[in-house]
Amino acid sequence: EGFTLFGDAVGRALALREKLAASAEQQGHIRLLVRLEEQALLVLRELSRRPDCAQVLAQSAGLLKGAVEAVDSKEPRVARAGLAVLRNFAVSEEVRDHLVYISDGAQHCLEALRHH
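Under my numbering, think of the first position of the sequence shown as 899, with each following residue one higher.
Do not take every clue at face value.
With a straight-line cut-off of 20 Å between C-alpha atoms, the simulated EDC-like cross-links for lysine to aspartate or glutamate are [to be verified]:
1) K963 - E991
2) K963 - D950
3) K963 - E973
Since the hints were made in silico from the structure, they are not lab data. Keep in mind it's a predicted model, so treat the numbers as computed, not measured.
With the sequences and hints as input, model every part of the structure.
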């Protein structure tokens, strides 16, 4: 149950990056936001190691979309962290099905691996 609170914190951190990206870039603080996103994804990777937690975090907490978006990042560290989260999420068949539904997940992952 406590892992859902951590999941909420990760979700807020990922949302914060989107909200502050433009102003951070103007002020030269984009590296701090990139670091925040990477660390949030690494926490999510650890939380999602258990298959029962992975499904809840991916679907109920709505963090699957954030992991997919991270794979498309221009920052290699963020993309790799996103791939690690997706790997943990993909243990659940329901999450895999949902991933196929919301995006071409396999194609995103292959492109990220080639790029980074």
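key: Ascending list of hint numbers which this structure does not respect   = Per hint list: zero violations.
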